[in-house]
Amino acid sequence: MALQDVCGFLDTLDDTGPCTYPPNEMGYMWRTASEFDRDSAFHFLFPPQQCSRKNRVPTLFSSTFSSLSPHQQPFQLSHGTTTLGFIFQDGVIAAADTRASCKGLICCPTSQKIMPIHSHLVVNTSGSGADCMLWERILTREMRLYQLRHRKRLSINGAAKLLSMMLHPFKGTNVCVAATLCGWDGEETRETLNSCMEIAEVKEAVEQDTGVSTISDSALSSVKMASVNEQEILKDAYALNPAVSDQNTKNVLSFGGRSGPRVCYVCSDGLQLKGEIISVGSGSPYAYAVLDDGWRWGMTVDEAVALAREAVFRATHWDAYSGNNVDLFHITAHGWRRRDREDLKEEYYRERERKRKKIKEREKERQKREGDELGEGDIYSVHCG
Amino acid sequence: MEYLIGIQGPDFVLVAADNVAASSIIQMKHDYDKMFKLSEKILLLCVGEAGDTVQFAEYIQKNVQLYKMRNGYELSPAAAANFTRKNLADYLRSRTPYHVNLLLAGYDEADGPGLYYMDYLSALAKAPFAAHGYGAFLTLSILDRYYRPGDSALSLIRLNKRFILNLPSFTVRLIDKDGIHDMEKLPRVSFPSLSSSDR
Numbered sequence: 001m002a003l004q005d006v007c008g009f010l011d012t013l014d015d016t017g018p019c020t021y022p023p024n025e026m027g028y029m030w031r032t033a034s035e036f037d038r039d040s041a042f043h044f045l046f047p048p049q050q051c052s053r054k055n056r057v058p059t060l061f062s063s064t065f066s067s068l069s070p071h072q073q074p075f076q077l078s079h080g081t082t083t084l085g086f087i088f089q090d091g092v093i094a095a096a097d098t099r100a101s102c103k104g105l106i107c108c109p110t111s112q113k114i115m116p117i118h119s120h121l122v123v124n125t126s127g128s129g130a131d132c133m134l135w136e137r138i139l140t141r142e143m144r145l146y147q148l149r150h151r152k153r154l155s156i157n158g159a160a161k162l163l164s165m166m167l168h169p170f171k172g173t174n175v176c177v178a179a180t181l182c183g184w185d186g187e188e189t190r191e192t193l194n195s196c197m198e199i200a201e202v203k204e205a206v207e208q209d210t211g212v213s214t215i216s217d218s219a220l221s222s223v224k225m226a227s228v229n230e231q232e233i234l235k236d237a238y239a240l241n242p243a244v245s246d247q248n249t250k251n252v253l254s255f256g257g258r259s260g261p262r263v264c265y266v267c268s269d270g271l272q273l274k275g276e277i278i279s280v281g282s283g284s285p286y287a288y289a290v291l292d293d294g295w296r297w298g299m300t301v302d303e304a305v306a307l308a309r310e311a312v313f314r315a316t317h318w319d320a321y322s323g324n325n326v327d328l329f330h331i332t333a334h335g336w337r338r339r340d341r342e343d344l345k346e347e348y349y350r351e352r353e354r355k356r357k358k359i360k361e362r363e364k365e366r367q368k369r370e371g372d373e374l375g376e377g378d379i380y381s382v383h384c385g
Numbered sequence: 386m387e388y389l390i391g392i393q394g395p396d397f398v399l400v401a402a403d404n405v406a407a408s409s410i411i412q413m414k415h416d417y418d419k420m421f422k423l424s425e426k427i428l429l430l431c432v433g434e435a436g437d438t439v440q441f442a443e444y445i446q447k448n449v450q451l452y453k454m455r456n457g458y459e460l461s462p463a464a465a466a467n468f469t470r471k472n473l474a475d476y477l478r479s480r481t482p483y484h485v486n487l488l489l490a491g492y493d494e495a496d497g498p499g500l501y502y503m504d505y506l507s508a509l510a511k512a513p514f515a516a517h518g519y520g521a522f523l524t525l526s527i528l529d530r531y532y533r534p535g536d537s538a539l540s541l542i543r544l545n546k547r548f549i550l551n552l553p554s555f556t557v558r559l560i561d562k563d564g565i566h567d568m569e570k571l572p573r574v575s576f577p578s579l580s581s582s583d584r
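Those sequence lines, one after another, are chains A and B.
Quick note on the numbering used here: the first sequence kicks off at 1 and runs consecutively.
Quick note on the numbering used here: the second sequence kicks off at 386 and runs consecutively.
Because the hints were derived from the structure by calculation, they are not lab data.
There is no bait here: all hints are sound.
Distance windows between CB atoms, simulated: (1) A/Lys103 to B/Asp418: 36 to 44 angstroms; (2) B/Asp418 to A/Gln112: 31 to 39 angstroms; (3) B/Tyr532 to A/Ala306: 49 to 57 angstroms; (4) B/Asp416 to A/Asp293: 14 to 22 angstroms; (5) A/Gly104 to B/Leu451: 49 to 57 angstroms.
DMTMM-like, lysine to aspartate or glutamate: derived pairs with alpha carbons at most 20 angstroms apart: (6) B/Lys414 to A/Asp293; (7) A/Lys345 to A/Glu310; (8) A/Lys358 to A/Glu310; (9) A/Lys161 to B/Glu443; (10) B/Lys414 to A/Asp292; (11) A/Lys274 to B/Asp416.
To give a feel for the contact side, a few chain B residues facing chain A, derived at Cβ under 10 angstroms: (12) Asp416; (13) Glu434; (14) Val439; (15) Thr481.
A virtual CB, placed ideally from N, CA and C, is assigned to each residue, including glycine.
Work out the full structure, taking the sequences as your base and the hints as a guide.
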C-alpha cells in the first residue's frame, strides 16, 4: 500500500476520532474496531467510510433513507431464486434450484446455492451471488476458529447470531445476503460415532467402486477429531462409574437435551428467525404453499425429500427466476448427505405424462357411464328424442 | 403492519404485541415474540425495521442486566426508559440510527406501574395507555373514550380483547408487583364490538 501512503489517500478517510488503525493484511481500507485486538474472537470487518462523510451533515432523512432497501420496489423481487429448508423428526432437508439470473439473462443454469459449512451445517443462500460466496467463506472461517478455540461446534442459533452480527455493520450498504442455516445441533454421541465409522467404511467401499464421494469429507475428519475427545470423555465417564450403561453414556455425551434439527434464517437487513419451515427467494411463496400443505413433523425421509422436490418444482414452474435443477441435502445427527442433482425438466415431462393418463382415464370413465345411462334410461331418450 | 399496545391500571400494566414476523409480503413466522424482558418487572416491546429491533432491544437488555450485575440492584422502569431514550437519541444523529418504536412497561416498588411510549425520534412520554402501528389509529380513540384510571385488570383485559385487529394472534402479558405473567394468546377477532353491557 505504498501508493496510498504517497498520495495521502487515507488522510481523507480518517474519522473524527483520534484512534489510529493498526495495519492488517487488507490495508487501511478495512477498519477494525479499535477496542478489539486482532487476535480476539470478534475481529470483524467494517465497511470503509465514504469520502464525503466529513463534510456532509447527516440529517435524519438522509440517514434513514440510506438504511432502507435500495431497490424501491413495492415488494422485493431481488432474490431470484427458490431455496427452502425445513426440519422434521429425522433431520433437516435443504433444497434449492440452480438458476443464477441477472435481470433477464440466466447467467448460470447449474450454480450451487447450498454450501456445506461443516459436517453438520449447510447454508442455502440467495441474494447477490458474490456477497453470498464471500459471506459463506467468512462464516466457515469463523465457525472453524470457534471449533478450534472451544473444542466444540458452535450451535446453529449461535452461528446465525454470529452471521447476523457480522452483517450488521453493512446494513444500509448494498450487501444483499439472505442465508438459511440448516443443520443439526449437538455433539456426536457414541451411537452416532459408531455409525460414522460404519459410514466411513461404506464410503471407502463406494469410493473404490465408483470414485464418487457422497458423504462429506469433513464429517470424517470431525469423526476423527471427535473420537479423541470421545475417548477422553468415555474414560472419565467410566472412571466415575464403571457400571454405567450404554444409555447413560449416550446421555452424558449428548448435548444436554439441546441437540436436534435446526433451521435459521439470516438476512443482511438484520432479520433473524428460527423456525420449522423457511423458504427464501422470488419463488418462495409458491414453495410455501406446497410446504404448508404437506409438512408434518412425523414425515419419513422419503416423504420429506418428495415434498421438498415438489415444492421446488412448483416454484420453478411459476417463477421465471428459478429453474433448471434441484439440489437436495439431508442433514441428520451423522452429518449431511447430498442427493444427486435432478433435472426438473424430467419432472415436468413426468407430470405431463401423468396428467395425460389421468385425462384418458377420465375420458374412458365418462364414456362408460354414458354407455350405461343410455342402456338404462330408454324412456328418457324417447322423451328427448 | 405491526402492532403494540399498552394499558396502565391502578397496580398493573397490561401489554400486548402481535406475533407476525414478515418479510415483504410473506409472513415468515406466526409466533414471533416482540417482548424483551429487561428485568423481573420490566418489559420492552419493540417494533420497527427488521434488524434494528432485535439489535437495539438486545443491546438495552444486556446493558440493564449488566447494571444489575455491577450494582447489585435493578434499574427502575423510569431509569430504564430514560437510559433507552438516551441511547436512541445518541444513535439518531450517527451513521447508524435505529428505526424502532418502543413501549416500555414496568412495575416499580416505590412508584407503582409505569408505561412509557418511545418513538424512533427518541421522544419519551409516560402515558396511561399507548399504541404503535396502524392499529394505533383505531385503538387510541377507543381508549380515550373508554379508559378510566381505576379500571380493574379484568375489565381492561376484556377491553383489550374487544378491539384486537385483523392480525392472526397476539401475545398478552401483565406486569404487577409479582412480576411478569403470561396471559392467554389471543386468536383473531374479526369484528370488534364494544357494548357497554360487556364492560
